[in-house]
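Please build the complex by placing chains B, C, D and E on the supplied structure of chain A, with the hints as guidance.
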Amino acid sequence: MAEFVQLLFNGLVEGSIFGIAALGISLVYSVLKLVNFAAGDFLTLGAFTTFFFATNSHLPFIVAVLLSMLLGVAISLILEFIIWRKLRKSGAGMLALFLVATGVAFVLRQSIALIFGSNSRKFDIDQIKTFEFLGAQIAQAQLAVLCCASVAITVIALFIKKSTIGKNMRAYSDNPSLASVSGINVDRVIIATWTISGAFGALAGIFQGTVQGQFTNGMGLDLLLSILAAVVLGTIGDAYGALIGGFVLGIVMELSTWDALLGGIPSTYKPVVAFAVLVIVLLFKPEGIFGVKARKI
Amino acid sequence: MNNLILEVNDVAVSFGGVRAVNGATLDVEVGSVTSVIGPNGAGKTTLFNLISGATKPDSGTILFEGLEIHNLLPHKIADRGIIRTFQGAKVIKRLSVLDNLMLGGQDNPGDSLVNFLNPKARKAYEVQCRERAMELLKQIGIERFADEYAGILSGGQRKLLDLARALMANPTLLLLDEPFAGVNPTLVEKLLEVLHALRSKHNLTFLLIEHDLETVMNISDRVIVMAEGRVIADGKPNSIYENQAVIDAYLGTRKASK
Amino acid sequence: MTQPLLKISNLEGGYGDIKILNGVNIEVPENSIVTIVGPNGAGKSTIMKAIFGIARVTAGTATIIRDGKEVNVFATKPYNLSKIGIGYVPQIENIFVGMTIDENLDVGYIPESGKSLEELKESMYVRYPDLVSRKKDRAGQLSGGQRQMLALARALMSAPDVLLLDEPSAGLAPALVDQLFDELVRINQSGVTILMVEQNARRALEISTYGYVLDMGRNRHEGPGAALAVDPEIVGIYFGKRNKG
Amino acid sequence: MKKSKALVLAAAIAASALLVSTVPANAAGVDIRVGTVQPMSGAGFASYGTGLANAAAFGVTSVQAAMTAAGVGGSCKMIAQEDSVSDAPSVVREAATKLAKSDKVNFIIGSLTSGASLEVGTVTAAASGVIGIASAASSPSLTTFKDNDTLFRTYPSDLLQAVALVKAVSKANGNSSWVTVGAINNSFGTGLATAFKRAWIKNGGHIGGTVLWNAGAASYDSEAAALVKTKHDAFVFVDYPDSFAKLAPALARTKKWDAKITFMTEAFNDDSAVKTVGASLMNGIRGTSAKTNGTDAAGWKTAFTKAYPKNPGTFVDGSGFDAAVLACLAGISAGGTSSKALAKGLRNVGGVNGGTAYTWDQLTAAVKDVAAGKPVTYNGVWGYTKFDRAGDPMGGAFEVWSIKDGVILHDSKQDVQF
Amino acid sequence: MTALMQPGFWVFILTMSGIYGIFSLGLQIQYGVGGILNFGHVGMMALSSYTMAILIISHGINFWIAAAAGVAVAALGGAFLGLTTLRLRGDYFAIVSIAFSEIVRYVIYNSDGLTGGVQGSLAIPVIGENYPSYTDTWDSIMNRARDILTPIFGEIADREFVMAIVVWITLGILLLIVSRIERTSWARVLRATREDDEVPAALGKNVFRFRLQAVIIGSVIGGIAGIYWGLESSLLSPDDFLTLVTFYGWMILILGGATKVKGLPIAAIFFGFLYGGSRFFTFWPFSHLDASQRAYVRIMIIGIVLIILMMRRPQGIFGKRQEMVLE
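Here the protein sequences come in this chain order: A, B, C, D and E.
full-length UniProt numbering numbers the first residue of the first sequence as 1 and each following residue consecutively.
full-length UniProt numbering numbers the first residue of the second sequence as 1 and each following residue consecutively.
full-length UniProt numbering numbers the first residue of the third sequence as 1 and each following residue consecutively.
full-length UniProt numbering numbers the first residue of the fourth sequence as 1 and each following residue consecutively.
full-length UniProt numbering numbers the first residue of the fifth sequence as 1 and each following residue consecutively.
Read the hints as simulated data drawn from the structure, not as lab findings.
Among these hints, one or two may not hold up.
Stated by the list, open to error - With a Cα cut of at most 20 Å, we get these calculated SDA-like pairs of lysine to any residue:
1. D/Lys-255 <-> A/Asp-126
2. B/Lys-76 <-> E/Glu-198
3. A/Lys-285 <-> E/Thr-2
4. A/Lys-161 <-> C/Gly-140
5. B/Lys-190 <-> B/Val-216
6. C/Lys-83 <-> A/Thr-164
7. D/Lys-231 <-> A/Trp-258
8. D/Lys-306 <-> A/Lys-285
9. B/Lys-93 <-> C/Ile-92
10. C/Lys-83 <-> A/Pro-176
11. A/Lys-285 <-> C/Gly-98
12. A/Lys-129 <-> D/Ser-280
13. D/Lys-77 <-> E/Thr-2
14. A/Lys-162 <-> C/Ile-92
15. D/Lys-77 <-> E/Asp-91
16. A/Lys-86 <-> E/Ile-308
17. C/Lys-77 <-> A/Arg-188
Bear in mind that the values here come from a model prediction, so they are computed numbers and not experimental data.
In isolation and in its complexed conformation, chain A is listed as follows (with noise of 0.2 Å):
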């Protein structure tokens, strides 16, 4: 019992940071029609800034992570204003855009290297605090971004649900073309979109650093494919299922590990488990967990 709550709480954990970085991947993807390769390296960003402004300038930790978010969001706009407006504006695919992403990715990590080194970085942390809770051991830093990313999520989803700049977004994504001449300001929707996924990314990067203690350059590229995953499985462009495609990734592959279960699975199968658990949910829901089945006409 004590192992799965243990499991359990590290999937979620684990989950609540896919999730947040996922929303907003899935932003940009519903909105923009861009599968953006470099999300990864925005987390990256935002944690080695945040080090900076810490551990470096010594401001407040708070202030530092304001303020990288901040910077998120501000190179995510300039991005949008020389390559991305250019881009759409001259009628490049998914395809095209999908790659120029990854030229971004290439620039921005390496950029990284190159401003922050390749030494890997912690936060100053406590790591080790933990207090039992049904025989598990809950670290207290953990619980903290558990927190954080849920709340920060939960607002985020209503801001999108009950805001006008969230229902411009859903218009916009939901239909581009009648949005435009509905008297919806498209500049603003993207902007938009672009400041959470900008703002986002980084948090999720500060999350993962702070659950892990330490972080290196690679950090981004190596949760990419699973935060990727974690968007497929809760469909495209939902800012909740965000969350619980995060989550049931977390869970499924920390869970996957228990002896309990099929006598547990070794744990370098995790990222394997992960992505079976996608594929095998896709069969039987095409859309992801909360997608619609439509229509023909």
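For chains B, C, D and E alone, kept in the frame of chain A given last:
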């Protein structure tokens, strides 16, 4: 011998809790022109999707030439001889107009990769298919676009191409989904002539969805009226105008009073 | 004649390299219903698409009177057209199918309308009571007629001076066509000017103040709607002989 | 090009003449060309690769300076330092091919991982006049690899390392104790883990369990749970500091892990490693590493950091330095540029044929000896340099170090000898 | 600059370009014709090269049979991928296909007893003593060919030179076959499916069959690339089959113009020489950087070139602009 080519028995299907077709029963006689009319959302297009296999029914049966087809995949149903057109006139935009038509060719040996090693058979068919396609293009008057991307055609021209492509497939039963909507009246008449010629020559059966009542009344042997997923009336064109259920559900009082 | 609310002069344009409009002139007086008819490929819908930046404009002007001042339509970004009083209902895909009915209305609202969101929404639900009970449903679940009503309501949420409609009756059952044209008259009576493109030429012209017949991207005929609807010459050429009787 | 070709030719003629007459070599001097292949830009390995590449460059300049100081002709130059991104064999192959065919180097130092180093071996075996020196490869595969004697390494084989670990663990816990082995799931980790397990069982011990973890895993908590669940008197972990820094907190959180019964490898015999993981988590951890006598490793580190202030600094840096120094010395000693001559040179300066022992701060004297045709024993900064027939460093002493309050203690009483 | 003039390395780059070209050709038939977004293509390469290596090393099977079996297993992999997931929407299929290749890679990574695991092909278990390396037969053929060619071409004709010729002849033949296939009515149907499933289905075409065949043919071609990849490396490692390699294949495909095969070999060479050639970027301003900074900048340059190319010519070097803008 049964002269019904198509029998739809108590077919139902729903999407996300909404019953699109709700126990529809109808049949089509060999060589007839049958029109399906009805208000929007009555389930007409869904009915077509069911017959052509694009949608699987939740319950009910569909028989074509006396054999069940409702569990078959769309291409199997097409192989049996039911060919359809689409409401929005679907053309393959990035294929040439000619290629769009040649897509309709049936039993093309070139469709099978095994015949890649048998170029003789492939090419013979291809030449024959191309000739036939060009002939049809001339009939619908867009042969000058043969080698252009179909994506450059206007809405009306796409309708024509969609129809011609269906004819390429030598159907026994042709399902036409709003073939005349958005086509200007002069062209509609030309189309009707083509269809009439085909009907008399090949004993083709037509089942069509159409909103333009005058056209429907002119060409149909029989009219089926659908509303809310069911058949609410079925009979000779003239009888429809007098049917109170049809007036309520579809025509509206003003039209009927005319 | 006073200055028209919306004026399109010598409009030329099309898609990519293909030219569809070859100099179109349309005038829409305030509080009128103006209908554009003509055969396939005449460029009817292209006029509206040109105004909304979907089709390319190569020459010509379009102006609208807003608060007594003349505003250049082509110099306004498509999503700002609602702010200068132009509403638009495209022919297809004219609602957000993945969003609820209520949200569709929210999205159509702009603060520049000068009215409150709640007030406008309320008036829409009064106008289209069918929609009230389905507020929380996804718009994709609506039937064709309801969709068209929702599309109209969505466009009206910006409280436009002029409403542009692209084939509003296309694909509607006859009974619904009647309802629709009745509704358009009502909208017009409430003070909204209408410019529409229609295949169902006769019905549309019957309710129109003025009509234009377009062919090959040019003005061919024009005149008061009712007169145009029965002009034998025009009927013969453009509406097909069957429609005569 | 023409000039250097002529020089090489002259050197070759001179060398062949010398082989007969055994007169001291290198009056004319040889131009030794060195290149490195290391993962410098990819995720995960970049800091190791960069450190090794920098250290190699430092080694080359050190010998060059010594040559100048000793008045020995010729040169030793770092020609190019190629990046292998993440050490994928195909990329290593590309980089090594460039060094061998375009840059015409005599020595390729690298790459980091065993698989990648074997790829270097494939290139050197096919080319002529190029020797590969792997700087961090520990896989036994390198020993058996058919490299035509063109692939050497400055890092001990897992087989050697495993025996040292076995000795250290059995000394602390007894021969028949239960050991749980944990390793990073790459060739470094699994190779040594497997070698250790075999050696441990042969030694009469028991294995309580084996847990592997992926380098870039999203979390390490389930791995930690699996580790502490096993029956164990001691842990043996084979890992890099970067990934252990993520595992260690997870282990600590289980409250069932004791650092004092944990044995690790030389990767953690390094201040930066202790800093990466955190001193509190490392308290009491013991480990083995190769030991060389008389080398001022700390002094070297200071000198290296001064020369390369931006160097990321990892435990393995010294191995790259040793490889470069050996390459340059071997070049001087070889008196020719054929693969055979260079290989012979490497053995000649690594101590196989005896000779005076020199360390990194005595290079001028070493160069003088070598140029005079004498064999020397270069005692590496990092470990052994005495190459056996397969090009592997032969065993000597391993030290057992331990960490207390962030300080690495070297207690020679615990050392294991072969 | 003299290093730049040495042909040896460029011959190697040419070989790799050719292998990448073959790899990319597999994607061409899937995407360029069928519109299928396969991001797991590298999995097929892994399957074929590992199958070949295992059969030769562990079972002593004849090289030619092993190579053929490798391609066959890649085809089976394609069939499996297609049968299980081809019914998904395009973008979902793309992500799932990544999952497929990653599963293949992780299984290789963790199946020590079969594939040598993380140690690479060198650790593939050998039955008996003195089994050959999997490249032995091939190497002897290459060396024999080299001995014939050296008198004609001189010193440059080394093993690599022969390899380059063989790879490019293979690519040439495959290009010919694929361009022929693209002119059949089979390809016409497949092209139709890339835009719309319903139209071809309504005309009696089994859309799924056509797509599945496209994936399998693409996988066979990917498998052939895998065989050459294995022979060129002489050592296999799971690290060689990262998703990144699939992306390189896509870059070549898109640069070449996706829908036309003729641009593909040129794009492959462009990519190969950009990738390998950027190793020579040591001149000003790169001379101001140290080696590790240059390593970062090199990959950055590849990214920047890619971005600029796609922005300038989103349809690729040889692509048709018109195909992109049709509505």
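A quick look at each hint next to the structure:
1. A threshold of 20 Å between alpha carbons decides the hint, and for D/Lys-255 with A/Asp-126 the separation of about 15 Å falls inside it, so the pair holds.
2. Among the hinted pairs, B/Lys-76 with E/Glu-198 is consistent with the structure: their alpha-carbon atoms are about 13 Å apart, no more than 20 Å.
3. The suggested pairing of A/Lys-285 with E/Thr-2 is violated, with an alpha-carbon distance near 60 Å, which exceeds 20 Å.
4. Between the alpha carbons of A/Lys-161 and C/Gly-140 the distance comes to roughly 17 Å, so the proposed pair stays at or under 20 Å and holds.
5. For the proposed pair B/Lys-190 and B/Val-216, the alpha carbon gap of about 15 Å is at most 20 Å, so the pair holds.
6. With a C-alpha separation of about 16 Å, the suggested pairing of C/Lys-83 with A/Thr-164 holds against the 20 Å cut-off.
7. Under the criterion of a C-alpha separation no larger than 20 Å, the hint pairing D/Lys-231 with A/Trp-258 is consistent with the structure, at around 17 Å.
8. With a CA separation close to 60 Å, the supplied pair D/Lys-306 and A/Lys-285 exceeds the 20 Å bound.
9. About 19 Å separates the Cα atoms of B/Lys-93 and C/Ile-92, which keeps this hinted pair within 20 Å; it holds.
10. At roughly 19 Å between alpha-carbon atoms, C/Lys-83 and A/Pro-176 fall within 20 Å of each other, so this suggested pair holds.
11. For a cut-off of 20 Å, the pair hint linking A/Lys-285 to C/Gly-98 stands: about 18 Å separates their Cα positions.
12. Of the supplied pair hints, the one linking A/Lys-129 and D/Ser-280 holds, its CA atoms being roughly 13 Å apart against a limit of 20 Å.
13. The straight-line distance between the Cα atoms of D/Lys-77 and E/Thr-2 is roughly 16 Å, inside the 20 Å bound, and the hint therefore holds.
14. At most 20 Å may separate the alpha-carbon atoms for a hinted pair to count; A/Lys-162 and C/Ile-92 exceed this at roughly 27 Å.
15. Taking the CA atoms of D/Lys-77 and E/Asp-91, the gap is near 52 Å; set against the 20 Å cutoff, the hint is violated.
16. As the CA atoms of A/Lys-86 and E/Ile-308 are separated by approximately 11 Å, the hinted pair is consistent with the 20 Å bound.
17. Simply put, C/Lys-77 and A/Arg-188 have alpha-carbon atoms about 13 Å apart, close enough for the 20 Å limit, and the pair holds.
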